[in-house]
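Colleague: Chain residues, written in single-letter form:
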Amino acid sequence: MRLFRLFSRKKSKSIAKERLKVLLISDRVDCSPEMMEMIKNDLIRVISKYLEIDEKETDIQIKQSVAKNQKCGGASLFAKIPIKTVRGQPASPR
Amino acid sequence: MSEVIVITSGKGGVGKTTTTANLGAGLAKLGKKTVLIDTDIGLRNLDVVLGLENRIVYHLVDVIEGNCRIKQALIKDKRYNNLFLLPSAQTRDKTAVNPQQMKELIRQLKEEFDYVLLDCPAGIEQGFQNAIAGAGRAIVVTTPEVSAVRDADRVIGLLEAMGMERCDLIINRLRVDMIRRGDMMSVEDVVDILGIDLIGAVPDDENIVISTNQGEPVVGNHTKAGQAFYNICERILGQDVPLMDLTAKRSFFVRFTGLLRRS
Numbered sequence: 386m387r388l389f390r391l392f393s394r395k396k397s398k399s400i401a402k403e404r405l406k407v408l409l410i411s412d413r414v415d416c417s418p419e420m421m422e423m424i425k426n427d428l429i430r431v432i433s434k435y436l437e438i439d440e441k442e443t444d445i446q447i448k449q450s451v452a453k454n455q456k457c458g459g460a461s462l463f464a465k466i467p468i469k470t471v472r473g474q475p476a477s478p479r
Numbered sequence: 060m061s062e063v064i065v066i067t068s069g070k071g072g073v074g075k076t077t078t079t080a081n082l083g084a085g086l087a088k089l090g091k092k093t094v095l096i097d098t099d100i101g102l103r104n105l106d107v108v109l110g111l112e113n114r115i116v117y118h119l120v121d122v123i124e125g126n127c128r129i130k131q132a133l134i135k136d137k138r139y140n141n142l143f144l145l146p147s148a149q150t151r152d153k154t155a156v157n158p159q160q161m162k163e164l165i166r167q168l169k170e171e172f173d174y175v176l177l178d179c180p181a182g183i184e185q186g187f188q189n190a191i192a193g194a195g196r197a198i199v200v201t202t203p204e205v206s207a208v209r210d211a212d213r214v215i216g217l218l219e220a221m222g223m224e225r226c227d228l229i230i231n232r233l234r235v236d237m238i239r240r241g242d243m244m245s246v247e248d249v250v251d252i253l254g255i256d257l258i259g260a261v262p263d264d265e266n267i268v269i270s271t272n273q274g275e276p277v278v279g280n281h282t283k284a285g286q287a288f289y290n291i292c293e294r295i296l297g298q299d300v301p302l303m304d305l306t307a308k309r310s311f312f313v314r315f316t317g318l319l320r321r322s
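Chains as they are written, first to last, in the working numbering: chain A, 386 to 479; chain B, 60 to 322.
Source of the hints: derived by calculation from the structure; they are not laboratory data. Among the hints, a few may not be true.
Here are the simulated lysine-lysine pairs, DSS-like style, with alpha carbons at most 30 Å apart [said to hold, decoys possible]:
(1) B:Lys130 to B:Lys92
(2) A:Lys406 to B:Lys70
(3) B:Lys283 to A:Lys402
(4) B:Lys88 to B:Lys162
(5) A:Lys398 to B:Lys283
(6) A:Lys402 to A:Lys425
(7) A:Lys396 to B:Lys92
(8) B:Lys70 to A:Lys395
(9) B:Lys162 to B:Lys130
(10) B:Lys130 to B:Lys169
(11) B:Lys169 to A:Lys398
Since the model is a prediction, treat every value here as computed from it, not as a measurement.
Using the sequences and the hints, build the whole thing.
Modeller: Written out as structure tokens, the structure is:
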């Protein structure tokens, strides 16, 4: 039984990484999960004007990014917004 | 050209003071005239780690308040020709010094020394603000634990916000056996999360406890931690030193010859 538990146990390092990732999102921008949800909904609303997107699969995250011109890591907002179809483009005024 | 480096972490007990002592001793060994400043006013420790606690006459607050000249407060380490310590005050608190005064002190020390290393107190309050005020470069120390990495991330954010030109990361107390089992975050895991440049990885080594008991830095000796700290010193000087392979097991041959040598 102990052997079985040994194999089925989730590695504690993965748990640590997952917990940290969630924790740091709110720490980095001093941004509550509610606010993240609001940003996400606003993004969906704006982008839906132009593209048909998969709202359920839409996900936004704040990550530490290492930009070339920055020596210290900065935070960036990453959005994954799957597109279903491109809506008909409005004719551009001449 | 002299460089001023603050060693910080956010969380306490991750090895800032041990790191400062060993980097200072290492840089001195490499021929750089180095001064270590203990900025943890009220809780001084760097003197003890270096084994210099019996030689303190004046301290940081004495210098700031003009009770003595800088030279009178500096303690020269007898083991390393180029190493000096400016100890902290034990009976005062953080409000005895402000960032402006620290900047002025560091400006004067820079004329004399190649490297000024600042041992930062834990936390992000005034003591932290004092320590980072005059620094041009930061080394963030963390251990592979959730709480330490979280605090390191917070400190990196603060350093970046105040315009610190360069931040490097040291991951301390790595345990290869636990990483192999999947029970400890690896160097790559932590670097991935924090997203700043790694300047060194230091294995958990019981020799650190022994050396601290004796008041002797380990840097440059035969221990794994000693080698890791020495490598970091060389990287600070801009040398391209590959990361030590912490996972390397001693081969049968090496162990065998080691046995022979001992007997």
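Colleague: CA of lysine 130 of chain B to CA of lysine 169 of chain B, is that 30 Å or under?
Modeller: 13 Å, holds
Colleague: Is the hinted pair lysine 396 of chain A and lysine 92 of chain B satisfied, with a Cα-Cα distance of at most 30 Å?
Modeller: 46 Å, violated
Colleague: Quick one, are lysine 283 of chain B and lysine 402 of chain A close enough, alpha carbons at most 30 Å?
Modeller: Holds - the C-alpha atoms of lysine 402 of chain A and lysine 283 of chain B are around 26 Å apart, at most 30 Å.
Colleague: Holds or violated: are the alpha carbons of lysine 406 of chain A and lysine 70 of chain B at most 30 Å from each other?
Modeller: 18 Å, holds
Colleague: Would you mind confirming whether the straight-line C-alpha gap from lysine 402 of chain A to lysine 425 of chain A stays at or under 30 Å?
Modeller: Distance of about 24 Å is within 30 Å: holds.
Colleague: Sort out whether lysine 130 of chain B lies within 30 Å of lysine 162 of chain B, counting only the CA atoms.
Modeller: Roughly 17 Å between the alpha carbons, so the hint for lysine 162 of chain B and lysine 130 of chain B holds.
Colleague: Starting from lysine 70 of chain B, check that the Cα of lysine 395 of chain A is at most 30 Å away, please.
Modeller: 27 Å, holds
Colleague: Within 30 Å, alpha carbon to alpha carbon, are lysine 130 of chain B and lysine 92 of chain B?
Modeller: Holds - the C-alpha atoms of lysine 92 of chain B and lysine 130 of chain B are around 14 Å apart, at most 30 Å.
Colleague: With the threshold set at 30 Å, check whether the alpha-carbon distance from lysine 169 of chain B to lysine 398 of chain A stays at or below it.
Modeller: 43 Å, violated
Colleague: Under the criterion that the straight-line Cα-Cα distance not exceed 30 Å, is the pair lysine 88 of chain B, lysine 162 of chain B satisfied?
Modeller: 27 Å, holds
Colleague: Quickly compare the C-alpha distance for lysine 398 of chain A and lysine 283 of chain B to 30 Å and report which way the hint goes.
Modeller: 24 Å, holds
The structure fails to meet hints 7, 11 from the earlier list, while all remaining hints are met.
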